[in-house]
Amino acid sequence: MGQSSGVIVAVGSAIYLNPFEVFKGDPEADLKWDKAPCRFCGTGCSVLVGVENGKIMAVKGDPESSVNQGTLCAKGYALPFIQYGEDRLMKPLIRMKNGKFDKSGELMEATWDEALDLIAEKIKKTIDTKGPQAVAMFGSGQWTIWEGYAAAKLWKGGLRSNSLEVNARHCMASAVAGFMTTFGMDEPMGSYDDFNHADAFILWGANVAEMHPILHSKMTDRLLNSKNAKLINLTTISNPSSEFADKEIIFKPQSDLAIANGIAKILIEEDKIDKEFLEKHVLLKKGKENIGYGLEDNFEFKEEAELITMADYAESVAKYTPEYVEKISGISKSDLELLAEIYGNPDTKVMSFWTMGVNQHTRGTWMNNLIYNLHLLTGKISEPGNQPYSLTGQPSACGTCREVGTFTHRLPADMVVTNPEHRIRTEKIWNLEPGTIPEKPSYHAVEMMKALDRGDVDIFWSMTANPFQAYPNLNRYKKGALKKGRFIIVSDVYPTRSTEVADVVLPSAMWVEKEGSFGNAERRTHFWKKMVDAPGESKSDLWQLIEIAKRLGHGKLFEYSSTDYPLPTGQKVSDATESAGFYMEKAIWEEYRQFGLGHGHDLAPFDDYHNSRGMRWPVVDGKETVIRYREGYDPYVEEGTDVQFYGNKKQDNKATIWFRPYEPPPELPDKEYPFWLSTGRVLEHWHSGTMTRRVETLYKAYPHATANLHPSDAEKAGFKSGDKIRISSRRGEVVLHVEVGGRVTPQEGMIYVPWFDEDVMINNVTLDAYCPISKQTDFKKCAVKMEKV
Amino acid sequence: MNNSKIKLILLLTVASIMLTCSASSRVVFKGEGLVTGEPGMNSYPEEEPGETALIERAYEIAPPSVPHAISDFTIDRTTNDCLECHLDGEEFDEDHIATKIPPSHFTNEYRQESVEESVTGIRYNCTQCHVQQAIVDFKFWNGSL
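If you read the sequences in order, they're chains A and B. Residue numbers for the first sequence follow the numbering used here, beginning at 1 and rising by one. Residue numbers for the second sequence follow the numbering used here, beginning at 1 and rising by one.
Same shape as in the complex, but just chain A (with noise of 0.2 Å):
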């Protein structure tokens, strides 16, 4: 049967309830009900957690939340589950053999002392021989804000490392080097709100119908409540977001970028583009070609861009005639006219949507900026209906990832650690000596992992993540992470695939366990209360935080005033508070606020969020901000301007279109291997399917991961579903069942494979290629053969 023959071994000896026990009771007489944000994907829903005798029992979607209106998707319905799987880990884990560390070793239960003193000790051994920058932190968008702001200070300026990145990197850094490039500063200018006055949805590469499925629901609402209201789906793979589209374009990998400036140039072509608005509010710049992928160890990007002329920017379109943008594409002539008129047309309120289709792609920033380009001539953006929308895939990355800047060169607020006057203003808020935050970038994400199998990092710890089945190329990375001398850290709530490869496991407090606060999509920031223990000896990500920090001489930066920040009543105290003596969430949130307030980056006093379903920055005298950039809903916005992006304060707050030319992905399908490979997800398991596989109706809703063919690639080389192939690149392989006619079908050419199962590693097949620019790995693309096994 395979690897494996003792699948699992009960940890812990807490008695623990039987997760699928089926509640029976009066809903609303028996139990208590809370609020709090769903944390699986970014569209943010918010749920009332029903609790009974300490367990969760119920959820439903919230009628009082404005983005969720009362429903949720299977995933969130199966909330009160992810908690109780019945091998929940609930006890700090070392690797040992007769009775010490030993890499070679079993992992064995230990206190929380003994892992803690032993990562504390790893630590500073590193800094000593190896400094700062080798010791690295990986998390997430599943990080609450404030344990993301507290892996920020501790190792930005407490350990003085910026090897701090989060798995957001695979996710949207795209996004946001996308948003900086364009507007000077990060995150949607509109809101969900603009569902209901646009008359155009574009989907760019984005399956929105399984990946945010309320979204879908939203978009759907509309187009059944406004017959004139249209669904384009552009995509590379028919998938359900097709069904209530009015048309489907399949287009080939990577050619986006041709489709995108084709339609720019039937813009100018045509006259469709809103002059006055340009010349206005816009500037326009050409940046350096020929990029590269990444591919190799240290590689670096500088950009070059200089300023352009409407008439050289027209020039350089002129090229993507429908006729070459057919060639690269495979799209028509109407097809791609009809995305012209689309946008276009003064009259159709457009808004355009995209997430990892266009994120992870070796061109992902330039994708981004070709999206604003079409909002931007045509003046459609920051007004009711008409909206350039990045979502996110996180119930966080906007939140913690990028509002907190957990990545190696930023900082919160949109601040980066290359500029001084920015990390003044850090050490300020943080009261720590001038120059002792990093200047220096250290590692991204990708460079992270490289880093770690040269031998540059030592020490890698995972939060809220699970990076030995999320990166791609994993072959290298796991025998890396294997290597003598590396010390690996996972804190988690189940055994994974990075468990496997963990010296230390640290078990974690989910979800209504702790204190939290996220932040969707749409700029929404919300929290929720601590409503349930954490079983056995788990503990928050806050909490691990704060006391390797005391272990490490860095307790002080977590030390704040007990009189200012009393302990909460009437609610459950989290671990991290408990430990304290005083309120933890809410000290460090009235420290983090300091960083946005006054240039628009605005969060309120704390309790106000607990008092809402969540409020959208900047909110400024107590009010939200649903649509930024404009006059009279953005009060950042001066009177008499109309429109400014004053992110771009340098420029005159003008936003940026920029010239970014087609250029092929770094592998393309040849004769040895033929088929391009795309990996994603699926509507009902979240990430790496740690949670979902183990809730019964998520795993039988949709088991394994599949390799899903076209009709006739699988005719051609005789495979049937059902039929076990092996699928394999130049990095490695993996074995599964071939499915045909399944929920998407992948154009010609294309195999599709989901990357949440367990057994079906696709990510030790795909590419570690990225984008220069925002460093984001492309996972869409690479070249695979198949065959029988």
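Since the hints were made in silico from the structure, they are not lab data. The beta-carbon is built from N, C-alpha and C at its ideal position, and this holds for glycine as well. Check before you lean on any hint, since a few could be wrong.
[Unchecked claim] With beta-carbon atoms standing in for the labels, derived distance ranges: (1) B:Asp81 with A:Glu306: 54 to 62 Å; (2) B:Glu51 with A:Lys788: 12 to 20 Å; (3) B:Glu51 with A:Pro711: 26 to 34 Å; (4) B:Glu46 with A:Ser712: 23 to 31 Å.
Got chain A sorted already, so can you dock chain B onto it with the hints?
Just chain B, lined up with the frame of chain A:
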């Protein structure tokens, strides 16, 4: 993976858990997570509506799973095959009655809107909550081992 193979895995799994637990009071953790060592195939019930029993809900107010085949169903702007039977709770025979859509689906409290002929727009995508259940054993994770 066929059913007998699943049963074999379950049996071995139970055996290994029992062995490990009794062998040492200090638990040795293998960290193998959900790994079974075998890729699987997804197969769903082929029975038509009216031919299947209801699936027990995960909890009282959880959305019920779909017990019958839906691969031929259409849910789009003009057609919603699910509503055909579930709008009124179609009676196939006395043992097979389609679950009637509850009142919550006809009102949007947030927007203070109600509809009659169909469900509210935001709940129109039935399959985003009401998922099918593949023919696969899950007892492994069920705490009742």
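Can you tell me whether the CB distance of Asp81 of chain B to Glu306 of chain A sits inside 54 to 62 Å? Since the Cβ atoms of Asp81 of chain B and Glu306 of chain A sit about 56 Å apart, the hinted range of 54 to 62 Å holds.
So the hint says 26 to 34 Å: do the beta-carbon atoms of Glu51 of chain B and Pro711 of chain A match that? holds (28 Å)
Cβ distance range 12 to 20 Å for Glu51 of chain B and Lys788 of chain A, holds or violated: violated (35 Å)
Given a hinted range of 23 to 31 Å, is it respected by the beta-carbon distance of Glu46 of chain B and Ser712 of chain A? holds (25 Å)
Of the numbered hints given earlier, the model fails hint 2 alone.
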